[in-house]
Each structure stands twice: as structure tokens, then as C-alpha cells.
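> Here are the chains, one letter per residue:
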Amino acid sequence: GDSVTQMEGPVTLSEEAFLTINCTYTATGYPSLFWYVQYPGEGLQLLLKATKADDKGSNKGFEATYRKETTSFHLEKGSVQVSDSAVYFCALSDSYGDSSGSARQLTFGSGTQLTVLP
Amino acid sequence: KAGVTQTPRYLIKTRGQQVTLSCSPISGHRSVSWYQQTPGQGLQFLFEYFSETQRNKGNFPGRFSGRQFSNSRSEMNVSTLELGDSALYLCASSLTGEVEQYFGPGTRLTVT
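Chains A and B are the protein sequences, given in the same order. If you want my numbering, it's the position in the first sequence, counting the first as 1, plus 2. If you want my numbering, it's the position in the second sequence, counting the first as 1, plus 58.
Just so you know, the hints here were simulated from the structure itself, not pulled from any lab data. Here the structure is a predicted model, which means the values were calculated and not measured. The C-beta atom is built at its ideal place from N, Cα and C for all residues, glycine as well.
Derived DSSO-like pairs: lysine-lysine, alpha-carbon spacing no greater than 30 Å straight-line:
#, chain 1, residue 1, chain 2, residue 2
1, B, K59, A, K58
2, B, K59, A, K62
3, B, K59, A, K54
4, B, K71, B, K115
Some but not every residue of chain B turned toward chain A, in silico, with C-beta under 8 Å:
#, residue
5, S91
6, L101
7, Q159
8, Y160
9, G162
10, P163
11, G164
Generate the whole structure from the sequences, applying the supplied hints.
As C-alpha cells, this is what we get:
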């Protein structure tokens, strides 16, 4: 079945450091890939997405590129801030060629806790 | 536009009881999915509803059930609660033809 493997945490960085969180996936179809972020006591917020190979998703300075050849979707940010401290989840949705194009179930990685120190 | 809302936000129940959680999707969204989040198992898919029909179901026992109403609002029910059902239950909605899902704040269920 589908699976997502995420870099183990926790990750602690100083403000303005470069961030990489690794994510690799296994899927039988043509998945869409996502990064979600969860702040303490809250639900998940969609950070960025990519729906096909070589797509680059970006938002709020975060970027991730859909690499089909390496089945990866690593999250990067050039300069992290204290406010970026949260748990980050990589996820995939395998449409199985669903003609409706509607969202299907998400398969999540285990999450990576990021702490940014001032 | 209002986001996904879930009620109640917090709930404490006793083993053996049952519980109903509610989710109102973003206006215009017809697909609603439910997920369970625990420290040990992470985020796991429960089920998805579209146009009042369960379209997809995860690997959970029959004690977990759900339904969707004609206005796309959804409820999930857990019967005969067990201590292991303590979790954050997240609801997500999506727009037909779009792949992304938008999550609510969750309902924190504690079973004692």
C-alpha cells in the first residue's frame, strides 16, 4: 500500500538557518503530494502541494519539488523564523485515476517537530 | 469564507459510552474526510463521505461510523468507547475536482 517516510525529529535550528525535512513516498498510482503544518493545539494547515512530477510547490518561503525518479518531496526553507516552530507532515493522496479528480484519503508521514531558537 | 468547523472542541467520556462528533465543511465543499491522530499511531484515515455516501473507509473497527447530511455536514460516532480511542479527531473538507483537503481544528476526545 501507499506509505510516506519522513525524516525523524526533533529538529532544532537557530533563526535564519536553512531548513530541510526529507520525505520519500511509495505509491501505486500517480499521487499528489502535500506538506501540512500543525501548530500546538490546532488542526493541520496546508502549507504547499504538488500534483505531478517536477512540480514545485511553494508558500511562505517554503518550497518542495516533486521528484518522481527519487520518489521524494523534501521541504526546504532558506531562512527559518521562530514562528516556523511547529510539526510538519508530509502526505500523499493517490487518486487512482479518479475521473472526478476529487480528494481521496491522505496517507501521512510520522511528522517532524521543528523548533527554531532566537 | 469560514473554514472547517468542528464541535465540540473537547470531550471527556467514560469507557463504554458512545460519542458523536460534528463537522461542518467549508461552504461549497461536498467531500468530508475524518482522521484520527494519536501519539503512537500518528494520523490515520477513518472514512470519507461525498454526497451523503461513504466513498472510502480506513482500517478501523465497526464501532467507528459516520454519516453525511444533504448540506454536507458530517458526523462521526464511536460506540462502546475504549481507552485507546482517546485522540484528536480531525475533519477535512475538499472541493470537487480539487486534490487538497482543508482541516478543522479537531475534537480532542479523552476516554477515562
